[in-house]
Structure formats: structure tokens, C-alpha cells
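As you go down the protein sequences, you meet chains A and B in turn.
Quick note on numbering: UniProt numbering labels position 291 of the first sequence as 291, and the sequence is numbered without any gaps.
Quick note on numbering: UniProt numbering labels position 57 of the second sequence as 57, and the sequence is numbered without any gaps.
No wet-lab data here; the hints were simulated from the structure.
Positions of the beta carbon are idealized from the N, C-alpha and C atoms, including for glycine.
Just so you know, not all the hints are guaranteed correct.
[To be verified] Footprint (simulated), chain B over chain A, 3 or more residues, beta carbon under 8 Å:
#1 88-100
#2 244-251
#3 301-308
[Said to hold, decoys possible] Derived DSSO-like pairs: lysine-lysine, alpha-carbon spacing no greater than 30 Å straight-line:
#4 70(B) <-> 170(B)
#5 170(B) <-> 259(A)
#6 170(B) <-> 81(A)
#7 140(B) <-> 193(B)
#8 193(B) <-> 149(B)
#9 196(B) <-> 145(B)
Residue strings, one per chain:
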Amino acid sequence: MRIKIPKSWQLTANDVTDESVYRQRRTLLKNMGFLGAGALMSTPAHSLDWFSKSAKKTFITEPLTYLPQSDKQQILTPESKVISHNNFYEFGASKSDPVNNAQSFQTNPWQLTISGQVENKIILDYDDLTRLFALEERIYRLRCVEAWSMVIPWVGFQLSTLLAKAKPLSSAKYVAFETLEDPEQMPGQASRRLGGGINYPYVEGLRIDEAENPLTLMAVGLYGKTLPPQNGAPIRLVVPWKYGFKSIKSIVGITLLDKQPPTTWNQLAANEYGFYANVNPGVDHPRWSQASERRITTGGLLARNRIDTQMFNGYGEQVAHLYKGMDLRANY
Amino acid sequence: MQSQLRQKIIVVKAVIHCICILLLVNEYWLALNDGLGADPVEAVLHFTGIGALNLLIISLSITPVIRLFKFTSLINYRRMLGVYSFVYALMHLLSFLAFEVQFDWRLFITEIIERPYMTLGMAAIVILLSLTLTSTARVKRKMGKSWQKLHNWVYLAIILASVHFYMSVKSDVVQPIIYATIVAILLWFRRKKFQKYL
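This is chain A alone, in the form it adopts within the complex (with noise of 0.2 Å):
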């Protein structure tokens, strides 16, 4: 007999839904006369909102060639839902900004220049993206600071795998991350109303252990296809066991470095982010409770999606040993 013991990150079997249950429950409750119209409309509808429903340019996502994660245990976040729910300044701070003001930013030509205290430095087109590395999926927990989560299924390589190409010297310590500017094609950037008021490009950090940990995942998809702008096409960072906003979009610069570099929520307000952003229930942020959070799966206000979070987001298995002797509360 063959026993299977997946790896944590492969998520547990308990509260099976996968798509095809989710989509079985969707035409139940259409039977049933539940989903209004609203339901089906793509973009949130707002009170009053008449007249903003205009046919609207998507941008065009493309299929990816992958290793398929062989157990999808976890309940996965509807991608309408992943894909219309984001946190992505640039393109304004609201979180349906993304998706409607991100649909003709141009992926493609890209460059992604991996640089400073390496051996080789690299630059990466549009198609090196997806073919200099087999891709594979990773399905995530992603935890947002802001107390609500999602689970994903992620198309990428492993950042270390990346890195490993770069060669790093032995005086790099941290890895720096910077997302595009392109004020013309990001109204975040170019309207200080608009952006939220924060300081671009957004610039992100790991220390070099955590940057080469098998989960650190650069993502160029999700649900099977290239990523969607909203969700930072067309190459981000995935780095499960910290909250969201350590997951930078739209990378154009990693940079190898013997110092800690800024990072931009920490910037802004050093007392409520900080470098690390370790998911960790047992560590507040001054305006959220971080014990517990609310699963965003299926359904409307009255989907049952509070749950506890755990340490390290549910990774600790994989991670915990990057933090042994810390003191988690003043390293946050």
C-alpha cells in the first residue's frame, strides 16, 4: 500500500471545496432564484452606479504549461474573487481600483534585472518569465495585514532557483524588491489621490535565507493562466507565511545587498509594518485584531469565514527555524 503524506504547505484534507463543488453550489443557488442580477456582473455594483457598466477592455490573460499540485485540500478563493479584489496602489487604493484601471497595462516587453552582489547578473524578457523555468502550482494561503485571506493557486518557480542562476556572492544578506514606475500606465502613481498617498516605486525585502526558502515562490500565474495586471503581471513575489503586502507586484528590479533594504509600508509607518511581517496571531497591528480573519471564499454577507489564524500563517513547519532566538514582538 502506498501512503501519502503530503507536505504541510500542501494544506490539510479537512473542509474540501474545490472549483467544480463551487461552481455545483453557484447553479444551485441560481436554481434556487438566489443570485440577483448584481451576482453576475463582473465589477462590484455600486448604489446609483448606471452608468459605469460601458463594455470595458480585459486585459487577455494566456494558458501556462505547469506541474499541477496533486492535492487541492484547501477551499481555493474564486478567481473572480482573486482577481477582483486586490491591494495594488499603482493602480488606486480602493480594492476594486485594480482590477478596473489595470486592464491595458502592457506586460510585454518586460525586463526583470537581478543584480548587485551576484556572480552574474540577469536580465529577463517577457517570455524568459515563463520558459527559463518549469513552472509549477503552488496553492498558498495568502493573509492580508487587513485581517481577511484567501487561498490561491499559484503558477511559479521558486525564487531560489532564480537566485541560484544570479550567484550570489557570499556578502549578500537581503534581497531587494522594486515594482515598476510608470506613472503614464499606473494612475496611482501619477495622483497622489489616487496612490494613497505612499512613496513609489513600492520597494520590498527578504533577508537571503527567507528569499532562498522552497515556499518564496515568484508567481507568473494563477488559477492556470499568466497573471492578471490587478494581480501584479507580469511577475510577482509570493511569500505564503507573511502578510500580503511583503508580496510585491510587477517586478522589475531584485537586487542582492549586504545591508536590509527600506521597505515602503515600513516607510510610511515604521510603528505598524515591519521589515519581517511575519503572519503571527499572537502580534496586533494597531488597527486589526491579528488572532483571527475572514476567509473570503465563496458566498455573500452571510458566508460563516471567520477562523483563527495560525503562526507563520500555517508554514511554521517550513519556516520556523529562519527565526529561531527572535523576539517576534520587536522584530515584526
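Please arrange chain B on chain A, whose structure you already have, making use of the hints.
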């Protein structure tokens, strides 16, 4: 003439009732049917919170507008707008309890105590509740002079509500600052009233 005016007031009041109730019903209807985007909970909280603040601002604009434009019949609608502000604020609070923390009473109470912006919001709701409970003509007669004293607390409520809004956002402070400016203008009109406290 008098009855014509009365009729007009009744019609306008009916329209205000319809607008305030229908907007609320529409929002919850969409939210229940998953028609408000990926996070209907957040959408409902924003709608009721901003709605309560808007209604409070409108009701506090009535006195200055009457002074400036002599549009005296507006006074007939001030109380109901104030009461609807409380209704929206109450829905805001109940939605937080029911949909955000999902009846986790411990979390509900600790959040209100431990998050300063929530403490301020809760204080504003308590003030609006006490104003609503004392809003009938009968209670007003009974309370005599102390009625006006109690109802002056509305100025504190609107300050608390706008600070609550400002503190609740992450970094996009433009909208809260616009609201705070409007509130400051409304309070400036009442500066004589406040002089004795300063």
C-alpha cells in the same frame, strides 16, 4: 396655505424616508446576493459608515443653510436626517458584529476597547443613540433646558465620527481630510456656541 405647506412637508419627508431606506435595503440586498465585489462585508461597512457621516453632515448643514439663505422650511427635516444618521451608524455597528467578527463577542468587545478608532466610533454611536431616544417632541418638552445641552453633544459626535474615519484608513487619507474640512466648516458656524467652553 398652511395645509398646503403641511402637505409639501409630508411629501418631502416621505421622499427622504424612501431614499434613506431604499439605499440601505439595496446595499444589503446586493451584499446578500454576492453583488458587491469580493468582500461584501467591507463594502457594507464602508457604505453604512460613510452614509451615517453624510447624513450627520447634511443634518448639521441645515441650520447654516437656513441662516444664509432664509430657507426656513428645511428645519422640518433636520431631526429625521439626524435619526437616520443614527440608523446608519447602528447598521454599521451591527454589521461589524454580525459579519466582520461574526458574533465573536469577546473579539467584538476587545476590539472596541483596544482599537482607539473603534472606541471613538462607539462613543459617537452612544451619543447618537441618546439623541435619538430623546428626539420626540414629548421628551423634548419634558427635558426643558437640559434637552439643548444634551443635543449639543452632536458636535462631539461628528468630531468623533470624522476622527474615527481618518484613523481607520491605511494611508489614503484624502477622503477623510475632505470630510474633516467640511466638519470644521460646520463647527466654525457654531463658533459662538463654543466660546464659553474655550
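Against the structure, the hints:
1. 88-100: The restraint on the region 88-100 of chain A holds, since 5 of its residues have a Cβ under 8 Å from chain B and three suffice.
2. 244-251: violated (count 0)
3. 301-308: holds (count 5)
4. 70(B) <-> 170(B): Violated, at roughly 41 Å.
5. 170(B) <-> 259(A): holds (28 Å)
6. 170(B) <-> 81(A): holds (22 Å)
7. 140(B) <-> 193(B): holds (20 Å)
8. 193(B) <-> 149(B): holds (11 Å)
9. 196(B) <-> 145(B): Measuring from Cα to Cα gives roughly 17 Å; hence the hint holds.
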